[in-house]
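Colleague: Single-letter residue listing:
Protein chains: 2
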Amino acid sequence: MNHCFFDQAVETMNHQDMRELQLRKLKWQVERCYNTVPFYKKKFDEIGLRPEHIQQLEDISRIPFMDKSELRQFYPQGILAVPCEQVRHYHMTSGTTGTPVTVAHSDKDWKRLAELQARQFIMQGLKPGDLLYQGYGYGTWIGGPSADIGAHAAGIRILPVGPGRTNSTVSWLKDFEANGITCTPSFMIYLIETARNLGIDPRSDWSTLRMSNMGGEAWSLGLRDKIESAMPVGFSAHNQYGTTEVGGPIVAASCQASQTEGYAHVWSDAYLVEIVNPESGEALEAGETGELVITTLEREAAPILRFRTRDLTAFKENPFDCSCGRQAHPLIKWFTGRSDDILKIRGTIVAPRRIEDIITRIEGVGDAWLIVLERPEGKMDNLKVQLELLPSVWEDELGRQDRQRVISSKLSDELGLRVDVEICNPNSLPRFERKAARVVDKREA
Amino acid sequence: MNHCFFDQAVETMNHQDMRELQLRKLKWQVERCYNTVPFYKKKFDEIGLRPEHIQQLEDISRIPFMDKSELRQFYPQGILAVPCEQVRHYHMTSGTTGTPVTVAHSDKDWKRLAELQARQFIMQGLKPGDLLYQGYGYGTWIGGPSADIGAHAAGIRILPVGPGRTNSTVSWLKDFEANGITCTPSFMIYLIETARNLGIDPRSDWSTLRMSNMGGEAWSLGLRDKIESAMPVGFSAHNQYGTTEVGGPIVAASCQASQTEGYAHVWSDAYLVEIVNPESGEALEAGETGELVITTLEREAAPILRFRTRDLTAFKENPFDCSCGRQAHPLIKWFTGRSDDILKIRGTIVAPRRIEDIITRIEGVGDAWLIVLERPEGKMDNLKVQLELLPSVWEDELGRQDRQRVISSKLSDELGLRVDVEICNPNSLPRFERKAARVVDKREA
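Protein chains in written order, with this note's numbering: chain A, 2 to 446; chain B, 2 to 446.
Rather than coming from a laboratory, the hints here were simulated on the basis of the structure.
Watch out, some of these pointers could steer you wrong.
Heads up, the list lumps identical chains together, so a pair's fine if it works in one copy or across two of them.
To be verified - Calculated pairs, DSBU-like style, for lysine-lysine (alpha carbon to alpha carbon, straight line, at most 35 Å):
#1 Lys43 - Lys175
#2 Lys175 - Lys42
#3 Lys175 - Lys69
#4 Lys128 - Lys42
#5 Lys175 - Lys44
#6 Lys175 - Lys443
#7 Lys26 - Lys334
#8 Lys411 - Lys44
#9 Lys345 - Lys128
#10 Lys345 - Lys436
#11 Lys175 - Lys112
#12 Lys26 - Lys385
#13 Lys28 - Lys43
#14 Lys112 - Lys436
#15 Lys443 - Lys411
#16 Lys112 - Lys411
#17 Lys436 - Lys175
#18 Lys44 - Lys443
Work out the full structure, taking the sequences as your base and the hints as a guide.
Modeller: Next up, the structure:
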């Protein structure tokens, strides 16, 4: 495997040099947060913490956590550590869970966003001159713009489309001989299904397509395998991770080695991350699943210290060991869910991604499914999975019933609780062009 | 009036220097078109024309015209004068009238797009540090990306939204204290109407808003006045013009002086334009309305020679005389329509923009209207205008009937043919968030 780099010196920096770089940046960031943002000064003063108390990387644990609800109070400008005239771009969270959080980017922030995104594309196998189909959304969302400027910085040709226009896209991928595609995982499976309906076989008709870069929602290794098996030989479905609040989708990404195992490198030169127990806030050991906490080491306009992402992951047992050579950028697991949308059913904790992971691995299961939680009058909560089967399996009535039993038993076994499975008519379940909303919780109704 | 410049040397260049610059660029462009694009070589060879025959600017008339249908044959890459690996961005026409036309941009093209767009924003009164609400569309359309990179180059803060999200926008303009807005004229009037419905008075609640930069469709001086009268004192509704085929919305734009008279400067250092008789193709005198023909002097990836835009305009009588000091960038009239969507009704030629110009100047007329062409069985074609009245006028039944007669008679007088006017219920006619489609031609049904 050929490991390519966008910024080889930083990507292959040794561990000690990286720690020194991180500490220098952390001190710089903490000091300016304290001196320019009253919100941080107040948080520090309340516990008697001063910037000079941060003398080693481990001292970060003395800084209080912050979360999304605190950022909402900074509407409209967002948290700002520069005069607002120095802002170039504003981006926003979707606002689906409350007031949108605005995040400002300075000229320097924007340039770094481009560089980190470019680094991810090159690491994931795109080359200068390749053509990238861009399917992340534009407007206030950071996903599309980040991909555009990153591809530009990497010397990659970009066909910017955004979500939707699915039928045209099926042709464009073929006609433009696209080499890569960026989009949400939900859109990717919708696109594959649409292609097949239009008589296009992704495996042969999109033969130039070597990779997808997917983010914007958590997705499982099962879904990765499902997508890869539909695509040309050698195609890799890559993950990238980040949040609008900390500057965009450039916190972590899978390389060609870690992708096969379901890990992603965190960019140590830009972000200092911790994985903590969501209840106690204490740091967890490598291998233990907890909440990702992010500190921005570089962000100029909107610096963030110890942001609780609510996203659940774990460091790899040996987080700095990867054959690609990025030895100072720790590996974390692809996200398994969020600490605040974990389902609790009859006392059992279930992550929707875990269910997805199981069903996408079962042969014969189609591309659409829903997780439905019900609370029947006077009975215990019920977990039901609605799904579609591939046409060949669906057409066989006996096979269908058999498949229903197999899936139900597999889910119940793996999750440790009873799961009802309902086989639905072909094309009856919703498809998602943007973020998938696969959990229908009827218990709160 | 304070006239600001982004690139003062080029913007205020004298006439003779500009002609020399144009000739040098034209020769460079023609030679590389001939030598690298077989399409151009064939066109030249067919009439025995060679690059060295272009010795003065006037020789451009020896080059054959080209039109959109010819560009369609270059799908998917578009016309290309560089190896495709040197392309960075692709953009496309909408495809509403046929196969979309792809237009490739090199790194250099993209940088120039940003500079020319920045020049337009600064000329139209925005300053570094100002906040621009960006409402042009993203994705394959060039409008949104061009505004983003132009604002960035000018040091303007950008809130990128794109079309839609109208209700949120009404608040954002106020909360972010926006100084400028980019959008289609149709969206602007929809936005004003939505604001009023939400209890926001644009005049007082958007008091920081000084300008709008509007393009993407032709619009009239009447609509300009209507928008300005709804907005804070001193607000200017500016025009910008360009087409995807020649590189974006950066061919021409109104300055603070020409805006009041309904003219726009063509950027001579980037484009050589002609205005020709749509039938004969012959050059017209200043003041005569004809079709705009554009030659790109700089475009690297997708050079265009003598593109027939179908857009109708006229040079100002004294095209190089403007108090703003941009003496080498000729003034053309705001567009009055297109040579191919002119309506012919009972032998009379009518431009839909002409109708819009008339009705938007009549007191009491609301923000929505439609032009309906009918062909009643066995009768002559009929031109009907459906429109809404302002609530105060609508509520007075007698006034309503009176208004209908006044409008009908004014339209018939000015256009020279009978026009039926139908007063519609408030909020019954369509509003447009993107391009308006105000002509309903039922004759072809």
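Colleague: Please go over all the hints and tell whether each is borne out by the structure.
Modeller: How the hints compare with the structure:
1. Lys43 - Lys175: between (56 Å within a copy, 29 Å between copies)
2. Lys175 - Lys42: between (55 Å within a copy, 29 Å between copies)
3. Lys175 - Lys69: between (41 Å within a copy, 23 Å between copies)
4. Lys128 - Lys42: between (45 Å within a copy, 32 Å between copies)
5. Lys175 - Lys44: Answer is between: at 30 Å across copies they meet the 35 Å cutoff, but 54 Å inside does not.
6. Lys175 - Lys443: neither (42 Å within a copy, 38 Å between copies)
7. Lys26 - Lys334: within (25 Å within a copy, 55 Å between copies)
8. Lys411 - Lys44: neither (49 Å within a copy, 68 Å between copies)
9. Lys345 - Lys128: Answer is neither; intra-copy 45 Å and inter-copy 54 Å both fail.
10. Lys345 - Lys436: within (22 Å within a copy, 48 Å between copies)
11. Lys175 - Lys112: This pair counts as both: shortest intra-copy Cα distance 32 Å, inter-copy 29 Å.
12. Lys26 - Lys385: neither (49 Å within a copy, 68 Å between copies)
13. Lys28 - Lys43: within (18 Å within a copy, 65 Å between copies)
14. Lys112 - Lys436: The answer is both: 27 Å in one copy and 33 Å across copies each meet 35 Å.
15. Lys443 - Lys411: Close inside one copy (24 Å), not across copies (60 Å); limit 35 Å.
16. Lys112 - Lys411: neither (48 Å within a copy, 56 Å between copies)
17. Lys436 - Lys175: Answer is both; intra-copy 25 Å and inter-copy 30 Å each pass.
18. Lys44 - Lys443: neither (39 Å within a copy, 67 Å between copies)
Violated hints for the displayed structure, listed by number in ascending order: 6, 8, 9, 12, 16, 18.
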